[in-house]
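Those protein sequence lines, which keep their order, are chains A and B. Okay, so the first sequence: first residue is 15 according to the working numbering, each after it adds one. Okay, so the second sequence: first residue is 61 according to the working numbering, each after it adds one.
No wet-lab data here; the hints were simulated from the structure. Among the clues, some could well be false.
The list that follows gives simulated cross-link-like pairs (lysine to any residue, SDA-like), each with its CA atoms no further than 25 Å apart [claimed, not checked]:
| no. | chain 1 | residue 1 | chain 2 | residue 2 |
| --- | --- | --- | --- | --- |
| 1 | B | K386 | B | M86 |
| 2 | B | K314 | B | V238 |
| 3 | B | K163 | A | L29 |
| 4 | B | K163 | A | V27 |
| 5 | A | K265 | A | D59 |
| 6 | B | K330 | B | E318 |
| 7 | A | K265 | B | N403 |
| 8 | A | K265 | B | T400 |
| 9 | B | K163 | A | G36 |
| 10 | B | K163 | B | V363 |
| 11 | B | K163 | A | L41 |
| 12 | B | K163 | A | K265 |
| 13 | A | K265 | B | K314 |
| 14 | A | K265 | A | R252 |
| 15 | B | K386 | B | D246 |
| 16 | B | K163 | A | G340 |
| 17 | B | K301 | B | D88 |
| 18 | B | K301 | B | K163 |
| 19 | B | K163 | A | M38 |
| 20 | A | K265 | A | G63 |
| 21 | B | K163 | A | E25 |
| 22 | B | K330 | B | A240 |
| 23 | A | K265 | A | L61 |
| 24 | A | K265 | A | T84 |
| 25 | A | K265 | B | E397 |
| 26 | B | K163 | A | G32 |
| 27 | A | K138 | A | G164 |
| 28 | B | K386 | B | D90 |
Next come the chains, spelled out residue by residue.
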Amino acid sequence: MTRDTTESNQEFVTLAHGAGGGAMRSLLDELVVPQFAGNGNAESDTLVGLPELDDGAVHPAGDGALVITTDSHVVSPRFFPGGDIGRLAVAGTVNDLAVMGATSPTALTCSLVLEEGVPTADVKRVIESMAETARSAGVPISTGDTKVMGNGEVDGILINTAGVAYVDREQPVTDAGLDPGDAIIVSGSMGDHGIALLSAREGFDFTGELESDVAPVNDLVNVALDAGRITAMKDPTRGGLANALNEMAGKADVGIDLMDESIPVSGPIASAGEVLGIDPLSVANEGKVVMGVNPEDAEDVLAAIHTVPGGEEAAIVGQVTDDHAGRVVVDTGFGRRYLSEPEGEPLPRIC
Amino acid sequence: MSETEPLQFRDPEQAEQLADRLETLMADIDEPVSLMHVCGSHEQAIAKFGLRSLLPDGLSVRMGPGCPVCVTNMPEVDEAVAIAEQGATVATYGDMFRVPGTKKSLADARADGASVEVVYSASEAVELAAANPEAEVVFFATGFETTAAPTAAILDADPPSNFSVLSAHKYVPPAMEVVAEMPDVDIDGFLAAGHAATITGYGLFEPFVETYELPIVVGGFEPIDVLLAIERLLEYVRDGKAGLENAYPRCVSKAGNEQALETMWDVFEKTSGEWRGIAEIPGANLVLRDAYAEYDARRRFDVEPLDGGPDPLTEQCICGDIMAGKADPDECDLFGEECTPSNPVGACMVSSEGTCKIWDEYGGHPNL
Numbered sequence: 015m016t017r018d019t020t021e022s023n024q025e026f027v028t029l030a031h032g033a034g035g036g037a038m039r040s041l042l043d044e045l046v047v048p049q050f051a052g053n054g055n056a057e058s059d060t061l062v063g064l065p066e067l068d069d070g071a072v073h074p075a076g077d078g079a080l081v082i083t084t085d086s087h088v089v090s091p092r093f094f095p096g097g098d099i100g101r102l103a104v105a106g107t108v109n110d111l112a113v114m115g116a117t118s119p120t121a122l123t124c125s126l127v128l129e130e131g132v133p134t135a136d137v138k139r140v141i142e143s144m145a146e147t148a149r150s151a152g153v154p155i156s157t158g159d160t161k162v163m164g165n166g167e168v169d170g171i172l173i174n175t176a177g178v179a180y181v182d183r184e185q186p187v188t189d190a191g192l193d194p195g196d197a198i199i200v201s202g203s204m205g206d207h208g209i210a211l212l213s214a215r216e217g218f219d220f221t222g223e224l225e226s227d228v229a230p231v232n233d234l235v236n237v238a239l240d241a242g243r244i245t246a247m248k249d250p251t252r253g254g255l256a257n258a259l260n261e262m263a264g265k266a267d268v269g270i271d272l273m274d275e276s277i278p279v280s281g282p283i284a285s286a287g288e289v290l291g292i293d294p295l296s297v298a299n300e301g302k303v304v305m306g307v308n309p310e311d312a313e314d315v316l317a318a319i320h321t322v323p324g325g326e327e328a329a330i331v332g333q334v335t336d337d338h339a340g341r342v343v344v345d346t347g348f349g350r351r352y353l354s355e356p357e358g359e360p361l362p363r364i365c
Numbered sequence: 061m062s063e064t065e066p067l068q069f070r071d072p073e074q075a076e077q078l079a080d081r082l083e084t085l086m087a088d089i090d091e092p093v094s095l096m097h098v099c100g101s102h103e104q105a106i107a108k109f110g111l112r113s114l115l116p117d118g119l120s121v122r123m124g125p126g127c128p129v130c131v132t133n134m135p136e137v138d139e140a141v142a143i144a145e146q147g148a149t150v151a152t153y154g155d156m157f158r159v160p161g162t163k164k165s166l167a168d169a170r171a172d173g174a175s176v177e178v179v180y181s182a183s184e185a186v187e188l189a190a191a192n193p194e195a196e197v198v199f200f201a202t203g204f205e206t207t208a209a210p211t212a213a214i215l216d217a218d219p220p221s222n223f224s225v226l227s228a229h230k231y232v233p234p235a236m237e238v239v240a241e242m243p244d245v246d247i248d249g250f251l252a253a254g255h256a257a258t259i260t261g262y263g264l265f266e267p268f269v270e271t272y273e274l275p276i277v278v279g280g281f282e283p284i285d286v287l288l289a290i291e292r293l294l295e296y297v298r299d300g301k302a303g304l305e306n307a308y309p310r311c312v313s314k315a316g317n318e319q320a321l322e323t324m325w326d327v328f329e330k331t332s333g334e335w336r337g338i339a340e341i342p343g344a345n346l347v348l349r350d351a352y353a354e355y356d357a358r359r360r361f362d363v364e365p366l367d368g369g370p371d372p373l374t375e376q377c378i379c380g381d382i383m384a385g386k387a388d389p390d391e392c393d394l395f396g397e398e399c400t401p402s403n404p405v406g407a408c409m410v411s412s413e414g415t416c417k418i419w420d421e422y423g424g425h426p427n428l
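Bound conformation, chain A alone (with noise of 0.2 Å):
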């Protein structure tokens, strides 16, 4: 529930109810999901549906299943250290499918909003940055649409990109799956393009490198299924790391235990988090992967992740236990703590 804004009882949509966490999911739960969950035929075959707010959808298709997801993308600054807006588009959807299982997407299609006033160049640069990316991940992006806003009717460039793959029937991973005892791993540093975007914007000048993982992780998740059982899977965005093991411990009411020595944060990351007084653990990666993992799998498939470019520093940071169900819990090396989801957008503290 939003409280009341006004005198007269309405209620309206605020920032916090796109910044992920509780509001997000209640807006979903009350407006979103009643009208949507259960209409069509086929819904009763939908291996993976709307309810479930996963990454994406899984609906039967001849002997194997079709993977489907949209993901609308905005950033400010539209380039940023490390990525754009065109790559965030396009590896933010390849992503969405890959930690389904669907590692080799088919197509994507691309919806441009364009607003007024936005130099051509930076269209022409942004497009470049996604067919480059689309290459690198193997898909081709096949349909789209463009449309142009008047000024101040929508914020410099916004892109709407879907996917569709295919996944064999057996294969499709979702994010409710954790079994008491799997290890949990990260495929790489964490916050870098949370923390990376908010020194970029806010423009502070952090020594040391601060770039963006934005990348498609497809090739990455492919080794990792082959390598082991896979029970669950996510990518860290929005909320990063917590709010990704938050989602999974609830869905699967289990608990999750971390070691904080485990997990990997570059230095300069860190020592931005700390200026900034924002947890790494709590804003968006756009190039990496986390996963459950059966126990006697897990150095198997590390070991695989480590092989991949961009997996050099994959780390098992913690595992599935029965107590404390739907929470995570943080040794931080002096005592125990937890880690929440996190709310709304994060804001530097005052001092």
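Since the structure of chain A is already known, use the hints to place chain B on it.
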């Protein structure tokens, strides 16, 4: 976190030795001890590193009125909202953005069409004014000495004429006195904030120690800093002594930053003011002196604080008791239910310096 250089102040082995030392001291003292810190960053450090799970039974470390956002009074937020609704651009720190006023927060005002900008510093607010000469830019200035000094420096440097300050700056030492005098608060010692003391110097606390006969130790914010300061405080308690000590010498001196202080007192004067949920505190609010009247948003805009009473939910909120060290967040009926970071009832659930927000994020003393 593997790639971060391990800091000397983050050595778990040293922490364990200090924890053993705290056990010994508490055994010697042989009765419950209650310490108070007055800084959200201390609460952050304690919760983030799970330090409460290291503390011996009988030792309680509570947060006092140490979150500048939390103690900003509702009518002060109302003033900022009213100024934004009159058409000025209100610039403020991110932490203040969602703090509920009587009717609405600045975030609500922005959703309703007002111009509200989040800034990271007073100088950024001045830059905003310089870049938008057609707009009136009002910096809603909150925070203790650490942010009051930069606000003062900005006003001292001849800012543009379309810039003004709505000061909700607060001054911590008088609030510590009020808490120490509260009849139902039983504090055995204070862990003073290293940030604020960097500006004011630790010598400032000498009269307090003499008057209230309580120990004060100034502490830093790394886990070892915090444990070390607690150890020093417990030694005073064991010896039944008052005293003042600086356990954060790498940042804090006795005199503080004299130039910053001079500017701060040049620009601001102390006045009596209500700290949200706590009390009217003499000398704890900082307002602009007459010499800076032209930059005082209260004089530039005609703003009457709202009346009609706050949201009834806020009457159930126990932020005041929490900031006076009388209660923990999980003793509040609203905590985690009606009051969450995305839908805060009390200010303590808004700021990253607020006890309730910190406990929501990390758990205060989770039973793990």
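Verification of the hints:
1. A distance of roughly 21 Å separates the Cα atoms of K386 of chain B and M86 of chain B; the hinted pair therefore holds under the 25 Å criterion.
2. For a cut-off of 25 Å, the pair hint linking K314 of chain B to V238 of chain B stands: about 23 Å separates their Cα positions.
3. Between K163 of chain B and L29 of chain A, the direct Cα distance comes to roughly 18 Å. Compliance with the 25 Å bound is thereby established for this hinted pair.
4. Pair hint K163 of chain B plus V27 of chain A holds up; C-alpha atoms about 17 Å apart against a cutoff of 25 Å.
5. Our distance criterion of 25 Å between C-alpha atoms is met by K265 of chain A and D59 of chain A, whose separation comes to about 21 Å.
6. Between K330 of chain B and E318 of chain B the alpha-carbon distance is near 18 Å, which keeps this suggested pair within the 25 Å criterion.
7. For the hint linking K265 of chain A to N403 of chain B, the alpha-carbon distance of about 23 Å falls within 25 Å, and the restraint holds.
8. About 21 Å separates the Cα atoms of K265 of chain A and T400 of chain B, which keeps this hinted pair within 25 Å; it holds.
9. Using a Cα cut-off of 25 Å, the hinted pair K163 of chain B and G36 of chain A holds, with the two alpha carbons roughly 23 Å apart.
10. Straight-line distance between C-alpha atoms of K163 of chain B and V363 of chain B comes to about 15 Å, which keeps the hinted pair within the 25 Å bound.
11. For the suggested pair K163 of chain B and L41 of chain A, the alpha carbons sit about 23 Å apart, so the restraint of at most 25 Å is met.
12. Between K163 of chain B and K265 of chain A the CA atoms are separated by roughly 36 Å; this puts the pair beyond 25 Å, and the hint is violated.
13. Straight-line distance between C-alpha atoms of K265 of chain A and K314 of chain B comes to about 54 Å, which puts the hinted pair past the 25 Å bound.
14. With a C-alpha separation of about 17 Å, the suggested pairing of K265 of chain A with R252 of chain A holds against the 25 Å cut-off.
15. Among the hinted pairs, K386 of chain B with D246 of chain B is consistent with the structure: their alpha-carbon atoms are about 9 Å apart, no more than 25 Å.
16. As the CA atoms of K163 of chain B and G340 of chain A are separated by approximately 35 Å, the hinted pair breaks the 25 Å bound.
17. Straight-line distance between C-alpha atoms of K301 of chain B and D88 of chain B comes to about 15 Å, which keeps the hinted pair within the 25 Å bound.
18. A hinted pair counts as satisfied when its Cα atoms are at most 25 Å apart, and K301 of chain B with K163 of chain B does not qualify at roughly 47 Å.
19. A distance of roughly 23 Å separates the Cα atoms of K163 of chain B and M38 of chain A; the hinted pair therefore holds under the 25 Å criterion.
20. Taking the CA atoms of K265 of chain A and G63 of chain A, the gap is about 14 Å. The hint holds against a cut of 25 Å.
21. For the suggested pair K163 of chain B and E25 of chain A, the alpha carbons sit about 14 Å apart, so the restraint of at most 25 Å is met.
22. Simply put, K330 of chain B and A240 of chain B have alpha-carbon atoms about 20 Å apart, close enough for the 25 Å limit, and the pair holds.
23. This hinted pair checks out: K265 of chain A and L61 of chain A have alpha carbons roughly 16 Å apart, not beyond 25 Å.
24. Distance check on the hinted pair: K265 of chain A and T84 of chain A sit about 21 Å apart at the alpha-carbon level, within 25 Å; holds.
25. Between the alpha carbons of K265 of chain A and E397 of chain B the distance comes to roughly 20 Å, so the proposed pair stays at or under 25 Å and holds.
26. Restraint check: the Cα-Cα separation between K163 of chain B and G32 of chain A comes to about 23 Å, which is no more than 25 Å; the hinted pair holds.
27. A distance of roughly 19 Å separates the Cα atoms of K138 of chain A and G164 of chain A; the hinted pair therefore holds under the 25 Å criterion.
28. For a cut-off of 25 Å, the pair hint linking K386 of chain B to D90 of chain B stands: about 22 Å separates their Cα positions.
Comparing the model with each numbered hint stated earlier shows that hints 12, 13, 16, 18 do not hold.
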